[in-house]
Amino acid sequence: MAQSYYIFRSGRLRRKQNTLYFEQESEDGQLQKVPIPIENVRDLYLFGEIDLNTKLLTFLAQNEVTLHCFNYYGFYIGSFYPRETNVSGYLLVKQVEHYLDPQKRLEIAKEFVAGALFHLRRNLNYYRNRGREVDVSLEVVESSLKRLNECGSVAELMSEEGRARDAYYQAFNEILELQQPYTKRVRRPPDNEVNSLISFGNSLLYTATLSELYVTQLNPTISYLHEPSQRRFSLALDLSEIFKPLIVDRLIFRLLNRGEIDENDFESIGEAKGVYLKEGARKKFVRVFEEYLQTTVKHRRLKRHVSYRHLIRLEAYKLIKHLVNIETYKSLRAWW
Amino acid sequence: MLSYEEFERLRTNGIKVNYWVVCHRKLWLFAKGLRMEPLSDRVALGQLMHERAYPGTPRREILIDKLIKIDLLESEGKVLEIKYSHKLAEAARLQLAYYLAYLRWLGAGELVGELRFPRERRREEVRLTPELEGRLAEALRGVQQVEQLSAPPSAESTTICRVCAYRELCWG
Ligand code: SF4
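Quick mapping for you: the protein sequence lines, in order, are chains A and B.
Using numbering that gives the first Met the number 0, the final residue of the first sequence is 335, and nothing's skipped along the way.
Using numbering that gives the first Met the number 0, the final residue of the second sequence is 171, and nothing's skipped along the way.
Treat the hints loosely; a few may be bogus.
As the list claims (entries may be wrong) - Below are the EDC-like pairs computed for lysine to aspartate or glutamate, each with C-alpha atoms no more than 16 Å apart in a straight line: (1) A:297 / B:167; (2) A:320 / B:167; (3) A:109 / A:149.
Source of the hints: derived by calculation from the structure; they are not laboratory data.
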């Protein structure tokens, strides 16, 4: 079974014959080599300072392994996305066709937003049933959901989503027991602990989505909700919208409310206004994130258990089916 | 029997003949470059079996025109086709018939094929009878028709879907 490997230490990744090694000098100057079985690797996450060479990249490409890099503070830097061997010119044409036709593009973008808002509402309902005062936010999300069908352009769709998300983030003050009230979502750099967790979680989800897209023939640079120029792999942004509340937000609520991560897990660096997750907390987050992706639910159509991670893949398949005219795309709405 | 001209026109990948028998949608998706096989455990299993089966028999794999990959039994000059299960025997039979016809068009004369199902210890000899050739011609024409469809053929969920690499795409 393919796995994600997360490397937090510093050292060197090396190809030796047909094996992948992580090498690190121990305190007494000895070179420690840890073999990583390449056939089990789906993707590699580098958090430490790692040396590598093109021989290694060639090896990763041959084995269709993607590589995701994060800097010292845990910010996502970029991915090595190997040349795809398994391409479909036909599907590419279809992807472009659906992008160029405003109606077709809107139809797909709407489903991404509908899935995202559905899950925002689901999270709010969950906490409402546990006695939290989230009614105001819930109403805003509800009304945005109802208005989606009237949106005549992707821009309108985006602003509808923005409105719903603002309201949703307001509810974080009810859901989380925070010392400082959570005001609004700020990225790059995040200005408080919650934003820092959201940013970190979202980039993990984005890279996981990218890895799932890699095994399909979808071209990750052509997207519908986000502009294809927004990021290199903007289709991964599109798809991860649906899953953010389902995976990242739930995880953040859990970690903070159970006190598994608290103020002591963050630090500011120098003058920079920013809140960085300390390494220990980052590791913890990555571990629970990975566990969370592996949790399974019973799939109603496939009649077997599938993991959250696999649901991302299935979402990509559903999009393919839409593009080649097998079945109209309906984004995931968690049914469990 | 196909004329040489028609053969030239219909020449295709051997696996497509197989898929035409199994499922038209599968053929269409495959022909559009939507290939799911590399992901399927079952296909990996089939490949492994193919490599490991009959270690004592001298065999040679040859790729011809980048379209057909035949497995030749060296001592007997037979074309071998190894399959996981006989359930899809008709598809395998036509695929093999296609290889035989292809080789004949290339001037190799009348060859004999053999289907093997190692798990079930079954074999079946395949010769190009006029009847089989007729079915092959129909399949080749059918492949082209399906490939030219602008939308994928509709499909029904059948027992074949359960072991199909496209199952999650079609039904997930
Ligand atoms: S899953 Fe069923 S319908 Fe889909 S391609 Fe396979 S056999 Fe055909």
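Give me the numbers of the hints this structure contradicts, sorted from smallest to largest. none
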